[in-house]
Amino acid sequence: MNNKGFAGNKGDKDRSDCFVMLELSDSGGIRITVNSKVKSLYGESITALCNDVLSFFEIKHAVVTLDDKGALPFVIAARLEAAVKKVIRTEKEYLLPLLADNQYTTPRDRYRFSRLYLPGNTPSLMINAGVHKPNAVILDLEDAVAIEKKNEARFLVRNTLRALDFMGAERMVRINQLPAGLNDLDYVIPHHVNVVLIPKCESAHQIHEVNNHILAIHARLGITTSVWLMPIVESALGVINVFEIAKAAKNVVAVAIGLEDYTADLGVSRTAEGKESLFVRSMVVNACKAAGIQPIDSVFSDVGDMEGLRKNVLQSKALGFEGMGCIHPRQISVIHESFAPDTAEIDKAQKIVSAFEDATRKGLGVVSLGTKMIDAPVVKRAQRTIELAVAMGRLDKNWKDTYHKAEPI
Amino acid sequence: MSKVKLVVNAAGRSVPTEVNGKPVIAYKGIGKHKPEGRKFGPRISSCADFPDDGNKLVPSLKEALIRSGLKDGMTISTHHHFRNGDLIAVQIFDIASELGVKNLVWFPSASFECHAPLIKYLEDGTIHHIEGSMNGQLGRFTSHGKMKGVGVLRSHGGRYQAVQDGEVAIDIAVIAAPTADFFGNANGVDGPAACGLLGFALADSQYADKVIVVTDNLVPFPCVPWQIQGNYVDHVVQVDQVGVPSKIVSGTTEITKSPDRLLLAEMTARFCEHAGIIKDGFSFQAGAGGTALSIGIYFAELLKAKGMKARFARGGSNKYLVNMLNEGLVDFILDGQTFDLDGVKSMRENPNHVSTSPFTSYNYHGKGNFASMLDVVILGATEVDVNFNANVVTHSDGLLLHGIGGWQNCLFAKCTILPVPLFRDRIPVIRDEVTTLCGPGELIDVIVTERGIAINPLRTDLIERMKNSGLPIKTIHELKAEAEKICGVPAKQKFENEIVAVVKWIDGTVLDTIYKVMP
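Residue numbers (numbering that gives the first Met the number 0), protein chains in the order written: chain R, 0 to 408; chain G, 0 to 518.
Don't read these hints as lab results, they were simulated from the structure. None of the values given here were measured: they were computed from a predicted structure. Hints may be right or wrong, so weigh each one.
Label pairs and their computed distance ranges (CB to CB) [to be verified]:
1. LEU457(G) with GLY291(R): 26 to 32 Å
2. THR474(G) with SER225(R): 35 to 41 Å
3. PHE39(G) with MET166(R): 53 to 59 Å
4. SER54(R) with THR16(G): 48 to 54 Å
5. MET372(R) with GLU463(G): 19 to 25 Å
Examples of chain G residues lying across from chain R (beta carbon under 10 Å, computed) [unchecked claim]:
6. VAL218
7. GLN228
8. PRO258
9. ASP259
10. HIS394
11. GLU449
12. ARG450
13. LYS515
Derived lysine-lysine pairs resembling BS3-like cross-links, with alpha carbons at most 27 Å apart [to be verified]:
14. LYS91(R) with LYS3(R)
15. LYS278(G) with LYS246(G)
16. LYS303(G) with LYS246(G)
17. LYS310(R) with LYS256(G)
18. LYS36(R) with LYS344(G)
19. LYS132(R) with LYS246(G)
20. LYS246(G) with LYS12(R)
21. LYS147(G) with LYS132(R)
22. LYS38(R) with LYS466(G)
23. LYS148(R) with LYS91(R)
24. LYS399(R) with LYS515(G)
25. LYS36(R) with LYS308(G)
26. LYS491(G) with LYS38(R)
27. LYS396(R) with LYS466(G)
28. LYS12(R) with LYS256(G)
29. LYS278(G) with LYS119(G)
30. LYS59(R) with LYS38(R)
31. LYS91(R) with LYS36(R)
32. LYS491(G) with LYS515(G)
33. LYS9(R) with LYS278(G)
Heads up, the beta-carbon is just placed ideally off N, CA and C, and yes, glycines get one too.
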C-alpha cells in the first residue's frame, strides 16, 4: 500500500467539504495542520476529531493536512477515514452515533411523489435537503459520483445516513449497477436506510442477489428492520421484464424508469412531448399496478422550467404514475402540488366518504350516492384521496364537522 | 489608542470615551440622546466670488483640489452611488499623495472593493483613517490593526446626523456626477455612468466647505433635473470617465437561484401574509441581495392574487420593483439608490419613481423620517443573538468586512424581519452574544431561518397572530440549539486589546467597539 492517502474536495465551489491529505511516517507522532476559515471557532474541535479517528485506527505517526471549507464533523470523519483506508488495511469502521431522529421506518405504501437526488460525494447539497420537505432523499452512489470518487463517497454516504437529519424524508440510497452495487450495501444496510434503489435492473435474479446480500448483512449484525427495494428499469430488456422484476420479492415497493438510458438503449432522442416513451411508461405503470406496487416516473431535467415540469407531472399522474424523481429542491413543491388531488377529485371523494359513513351509521350494506351504487374499492380510493388531501394541506382534517349532506355526483 | 478610557453603555457594551482624540458619547438607549442648540452651519459664501457667467470649470481634479486648499488633516468626502465602479475616490488620494499631503480623513458614504488601492495611502500616512464603511480588503486591513486612526462606522442616516450636528466637518466634498453643467448642477439619471440619483451626496453638497463636481458628461446649462444644486458647488471638473457602468449596476440585481435562499424568501413572504402585514395600502422596504429581491417577487405575486396594491416601496430599486410600479402593484417608489438600468430609466421617466436622500428617509436630526413609517422591512445580518441583537459589520471570526448602510435606520420600521440561514458553512448565525452589536434587539422583531422562525417575545401581537399559521414558529433558543447540534458549539473568538473601529448608533452615540484580530 501507499504511505500517502487523500480524500475529499477543495475546489472553489466545494463548500461544506474538506480535502484531507494523510502521510504515514515512522516517527514524530501525529502532526495535524488545519487550514480553515472556521479555524478560530472550530479549529480545536477539528483537530480533536482527527486525533480521535487516527487513534481509533491505531495510527501513531502521521502528517495530516486538512483544507477545510466549513465541513461538518461527519464529513471530516468520512474524508479522513477514506484517506486512512488508502494507507492501511483494516476491517474497522469509525462510526459516529446514529441519530435517534434517523431511526424511523417507512410503510411500504407511503407516498413517494418526490424523491430528491443528492450526489453521494457532495456534502453541501445534502445538508439542507430535509428542509425542502421531499417525500424522500436519494443518496446517489451511482451516476452522480465520478469513478475515482466511488470509494470515498461510500464513507460519506454511510456517515450521512448516521449523522444527518433528513427531517422525516424517506432515506434512500442508489447503489451502483450490479455487481459493484452489492459492495455498496455493506456501507448502507447497517445504517438505517429505508429504500435501496437498484439501477439498470433487468431481471428478477438481480433483486434476489441484492436481497441475499441484505439478508447476510442482517444476519451478521442481528438487524430486523425491513429494507424496501426500488428497481429502476432503464433498458429495453429491463422494460420487457418489468413485471417479473416488480413481482420478484415482497420488499419491492416501486419500480422507477430511467428515460435517459432507455432512449439511448433504443437509439432514439428523448423529446419534451415524450411520444418515444409512451409505451415504456404505460408498460411500467401496468406492471406495477398488476404487482400492487408504485410506478415512479423519470426525472424532469430542465430545473429552470417550472411550467414544463408541471405539465410533465400532470401527464405522469394521468398515465398512472405515483411519483417522480427530482434533481433540484425547487421541483419538489411543483411535483407535490401536481400529484395532490385537485378540487374536483377532493369534492367527489368527500361525497363518497360521507355517503359511506352515512350508510355504515344506518347499518346499510350497500353504499349509494343518489341513484348510483358505490363499490368498496371506490370507497377505499376516496378515503385515500381524502387522507392525501388532508396531508397536503388541501383539506381541513375536521372537514366532516362542516360538511353538508352529500348530493348525487 | 489602547490607553483610552472605556465605559459600559446602555446596551452593556464597553465603548471608548474618545475616538481619534475627540470625546464621544456612549449609547444611552433608543431615542434617549437629544442634543440641544443649533445645527452645524457651513461657511458663508458670496456669489461675488464666483463668475457671473456661471462657468466654474477648472482644467483638472488636481487643480480643483489645490484651489480648494487641500492640506494635511483635512476631511474629504465622496459618495458611493457608483458602487464598485467608482473611479474618482482613488484619484483624489493619488493626487493628495503626489502633493505630499498627509493625515487625511476619508469620509465616504460607503466603500467597495474598488477602493482597495487606498490601502497604500493608509499605510503611508496619506490617509489617517476612514469614517464611513470599511468593506472587504479595507475592513480586513482595519481589523488587523493597520490603520493609523480608529475607523468610525456609521449608518447612512448617522452620516447625515454627524454632518448636521458638526461631529464631522467636511473640508472638501468631491461629487462624481453622471451628468453636470458648468455651474455645478448635477444628476444621476443621464450619461454613460448613470446611477439614478445622488442622494448620498446631498449633505456633502450643502455642508462641505468646498464642493467639487466631477463629470464625464458635461451638458450646456441647465442640467435638469438638478439633484445636486450648482449653487452649492465651487468647482466643476470634466474627466474622460467617472465610473465603470457595468460595475455601477451589478452583482445584487439578480434573484437568487439558491434553493435555500428561495425557501427563506418564501417563508418570509408567508410570514408577512399570515401576520396581516400584506394589505391594501401597505408599504415595504425593498432590499438588494438575492433573498430580498426574491421576497419582492413573492410580495408581487401575493398582491396580484389578492387584487391589492402597496402604497409605496422604499428602494434600492431594480427591475423587479420597477415592474411592480409599472403593473400598478405599488403606487410610488421612494428610492435611495438604483441598482440597475431599469431603475435608472424608471427614475428618469416615471414621476412616481421619486429620488430620496438620507435626509428624507433616515436622518436623526430631521422632524421625523420615512423609514419608521414602513410596515415591513427585510434585512440581512451576519449574526443574531438570543436577545435578537444583530450584527452586520463583522463576521463571527471578528473580521470587519461590511458597512452598516441604511440597515440601522431601517430597523425603525413597524416590523423588522431578518431572514438568515441557520448556519453558514458550519458557522451558526444565532449566538449567545453578537460579536459586534449594530442593532439593539428591541428593534428586531422576527428571525426567519430555513429551519424555523423566531419571533421577539416583545412582539406578543405577532406571536398571537402566528398561532395556527402552519409555519414552524420556534424560540430563538431552540433555533440556536438546533444549529449547534449540527455544527457543534463554536469556540469563543479571541481579540487583541487594541480598538480598531467603533460602531455609531443613528444618533451619534457609540454602540460598540471593534477590536483587532490577529491575521
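Contradicted hints - numbers only: 1, 5, 6, 7, 13, 15, 16, 18, 19, 21, 22, 24, 25, 29, 31 and 33
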